[in-house]
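Asks: Same order as they appear, the protein sequences are chains A and B.
Mind the numbering: the first sequence is residues 10 to 347 in the numbering used here, read in order.
Mind the numbering: the second sequence is residues 8 to 337 in the numbering used here, read in order.
Rather than coming from a laboratory, the hints here were simulated on the basis of the structure.
Each hint should be verified, as a subset may be incorrect.
Unchecked claim - Some chain B residues close to chain A (C-beta under 8 Å, calculated; not the full set):
id, residue
1, D55
2, W154
3, A157
4, H158
5, A247
6, V249
7, A254
8, P296
To be verified - Okay, the calculated bits of chain B under chain A, using three or more residues with CB under 8 Å as the criterion:
id, stretch
9, 38-52
10, 297-306
These numbers were taken from a predicted model, which means no experiment stands behind them.
Ideal placement from N, C-alpha and C gives every residue a C-beta, glycine not left out.
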Amino acid sequence: MKKLLSIIMVMAIAASFIYAGGAQEVAPADEDMKLVLLVKSLGNGFFEAVADGGQEAAGELGNVESIYQGPSSSTAEGQIEIIETLIAQKVDGIAISANDRDALIPVAKKAMKAGIKVISFDSGIASGGRIVDLAPSDEELIGRQQIELIAELCDYKGQVAVVSATSQATNQNAWIEWMKEEIKEPAYKDMELVEVVYGDDASDKSYREAVGLMEKYPELAGIISPTTIGILASAKAIEDEGKKGQVQLTGLGLPSEMKQYIENGTCQQMALWNPVDLGYTSTYILYALATGAVEGNPGDVIDCGRMGDVVIGEDGISIMGTPFVFTAENIAKYAEIF
Amino acid sequence: MSIPTSIKTITQRRETSLILLIGVLLFGVTMRAPNFVSVTNIERIVNDTSILIMVSIGQFFVILTGGIDLSVASMIGLSGMSAAMINQYNPGMPAGFVLIIGMLIGMVLGMINGAAVAYGKVPPIITTLGTMSIYRGMTFVISRGQWVTAHEMTESYMNLPHGNFLGISNLIWWGIVVSVIMFYFSKYTKRGREIYAIGGNKVAAKFVGVEEKKIHMTIFTLSGILSGIAGVMWTSRFAAAVNETAAGFELQTVAACVIGGVSIAGGSGAVVGVVLGALFLGIINNALPVINLSPFYQMFIQGAIVLVAMLINTLSEKRREQELLKGRQQ
Numbered sequence: 010m011k012k013l014l015s016i017i018m019v020m021a022i023a024a025s026f027i028y029a030g031g032a033q034e035v036a037p038a039d040e041d042m043k044l045v046l047l048v049k050s051l052g053n054g055f056f057e058a059v060a061d062g063g064q065e066a067a068g069e070l071g072n073v074e075s076i077y078q079g080p081s082s083s084t085a086e087g088q089i090e091i092i093e094t095l096i097a098q099k100v101d102g103i104a105i106s107a108n109d110r111d112a113l114i115p116v117a118k119k120a121m122k123a124g125i126k127v128i129s130f131d132s133g134i135a136s137g138g139r140i141v142d143l144a145p146s147d148e149e150l151i152g153r154q155q156i157e158l159i160a161e162l163c164d165y166k167g168q169v170a171v172v173s174a175t176s177q178a179t180n181q182n183a184w185i186e187w188m189k190e191e192i193k194e195p196a197y198k199d200m201e202l203v204e205v206v207y208g209d210d211a212s213d214k215s216y217r218e219a220v221g222l223m224e225k226y227p228e229l230a231g232i233i234s235p236t237t238i239g240i241l242a243s244a245k246a247i248e249d250e251g252k253k254g255q256v257q258l259t260g261l262g263l264p265s266e267m268k269q270y271i272e273n274g275t276c277q278q279m280a281l282w283n284p285v286d287l288g289y290t291s292t293y294i295l296y297a298l299a300t301g302a303v304e305g306n307p308g309d310v311i312d313c314g315r316m317g318d319v320v321i322g323e324d325g326i327s328i329m330g331t332p333f334v335f336t337a338e339n340i341a342k343y344a345e346i347f
Numbered sequence: 008m009s010i011p012t013s014i015k016t017i018t019q020r021r022e023t024s025l026i027l028l029i030g031v032l033l034f035g036v037t038m039r040a041p042n043f044v045s046v047t048n049i050e051r052i053v054n055d056t057s058i059l060i061m062v063s064i065g066q067f068f069v070i071l072t073g074g075i076d077l078s079v080a081s082m083i084g085l086s087g088m089s090a091a092m093i094n095q096y097n098p099g100m101p102a103g104f105v106l107i108i109g110m111l112i113g114m115v116l117g118m119i120n121g122a123a124v125a126y127g128k129v130p131p132i133i134t135t136l137g138t139m140s141i142y143r144g145m146t147f148v149i150s151r152g153q154w155v156t157a158h159e160m161t162e163s164y165m166n167l168p169h170g171n172f173l174g175i176s177n178l179i180w181w182g183i184v185v186s187v188i189m190f191y192f193s194k195y196t197k198r199g200r201e202i203y204a205i206g207g208n209k210v211a212a213k214f215v216g217v218e219e220k221k222i223h224m225t226i227f228t229l230s231g232i233l234s235g236i237a238g239v240m241w242t243s244r245f246a247a248a249v250n251e252t253a254a255g256f257e258l259q260t261v262a263a264c265v266i267g268g269v270s271i272a273g274g275s276g277a278v279v280g281v282v283l284g285a286l287f288l289g290i291i292n293n294a295l296p297v298i299n300l301s302p303f304y305q306m307f308i309q310g311a312i313v314l315v316a317m318l319i320n321t322l323s324e325k326r327r328e329q330e331l332l333k334g335r336q337q
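Bound-form chain A, shown alone:
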């Protein structure tokens, strides 16, 4: 009996050793990796959505804990303070939407020296203060997608026109150049980009230009307006002119502003980058850097789950992908966010 008891005790002790030892050995690999999304400020719907994206990625990756942090007001000082504490906590990675592209460089360098991977997204940190800067999209992807969207709406045929912001707006002009490239593809052989007009981001001028387009081209099939005021004014103009259903509309717009027109079908689909995707992709990139899967050198390719591969470009700048498409199905959810 005593013998049996001692055997059991020995076994129990041994087991506890094994267990404890095992726990100690396995822990570093098994313990959740702490990846932080540090945003400009708390209490902003846009960034809450970024946090949701981080959670989604963490769920898919498994051993990741996604932490959402931000100062109560949008200041660089607040962010610096938080980064200092994160260094002390020895987190594995920080993705930052910076309140100041230069002011965060010293503290970010300190974090990187401590072995923490630092990237920026949404609002970048200048070169030297982060490994990767994630841009939501690029000119080519945006421009080409706009043509695809309008083509889907008007069955790949007819005249389309663009209501832009000002004639000097660099980003708008770059997108329009890519639209002109894309429409040369054989798929759009029955489509024609007839004119680009400029609403100067003023509601009255954009409205007038949209009305003018419908006057000038009675057969107009679609309007693309890659600017928030332009798309709103165009939607109103199409409705007021009684051309809803006849003239289709797409562009880049904020869900909260375009909700009405997307739900009632004046603008059946439009695009914009989406904060959920930004949080999601940032977390994937941090994970790849923190596990050592990639170094973060130009040319490195990171698998970002449902967002596909993200390639790190020159100076660490990476492009997330094609903007997200908003339709009547998902608009209500995103209209709450931004």
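Since the structure of chain A is provided, determine the placement of chain B on it from the hints.
Replies: Frame of chain A, contents of chain B only:
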């Protein structure tokens, strides 16, 4: 020939020359866009220009005294945003009531301008340059940078300018009613004539008992009220209250006055001229998108037409002044 009748002919002639100019402009546009002069399009242009007409009349009274109101666009923005937000948070409130509140907000903003000019002795251009930024800034503050758009507005609010009475849109009716009342006010009321007097000869006007302070309060308050109405109409018409609403619009109102024959130095001009001047600008604004010209040419043409119109106006005015002098000498 007696002086009063010749003054009368001058004003008549100035408006006639403007009507002729408008005719030439319409003809020119029709050469390039044949459908431009159709009943629906003319109605569309008048509808589009009604806001400009209302605000330009407010501007007219200020210019008549030799001042200028640079804050009209910001007053439109602030009262429009306020009205849209009131509508957003109190969807049960009748739209007509929201319109009155918007008008009152404009009135208060205008009174602030008036008080600074009348009692603070700050020149109008400085006062309104300041309040232009203050009111625009306040728009951002109350909206927290957010816009109010269609789905946050009620149907009745968005219908304020769109609804129609006797087949003419409410917005056009507003333009007509404001023009008629202001025409009467400027011509047949004591206060209206006092405004002309102050602008024509401040010292003489003071001697005959015109109170300059009251006049300043009146004109800026009037400009504010009209901008307030315009703000509500603007945000409801485009179903969007953005922070930059009407940015740069103040210059259009000044241009409408000057094209309409209002002297920047004060003292002369008439409501009818301002209405025609605004229509002239409205026609250009609506013609440019349909005449198939590159946007860079459009900017050039817009500027050129405005300048030419002003030149014609001032030159003919000068000639008539000379004729008047000749008449006096004889």
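Asks: Take the hints in turn and mark each one as holding or not.
Replies: Verification of the supplied hints:
no. : hint    : result
1   : D55     : holds, 7 Å
2   : W154    : holds, 6 Å
3   : A157    : holds, 4 Å
4   : H158    : holds, 4 Å
5   : A247    : holds, 5 Å
6   : V249    : holds, 6 Å
7   : A254    : holds, 7 Å
8   : P296    : holds, 3 Å
9   : 38-52   : holds (count 4)
10  : 297-306 : holds (count 4)
In summary, the structure agrees with every hint in the numbered list given earlier.
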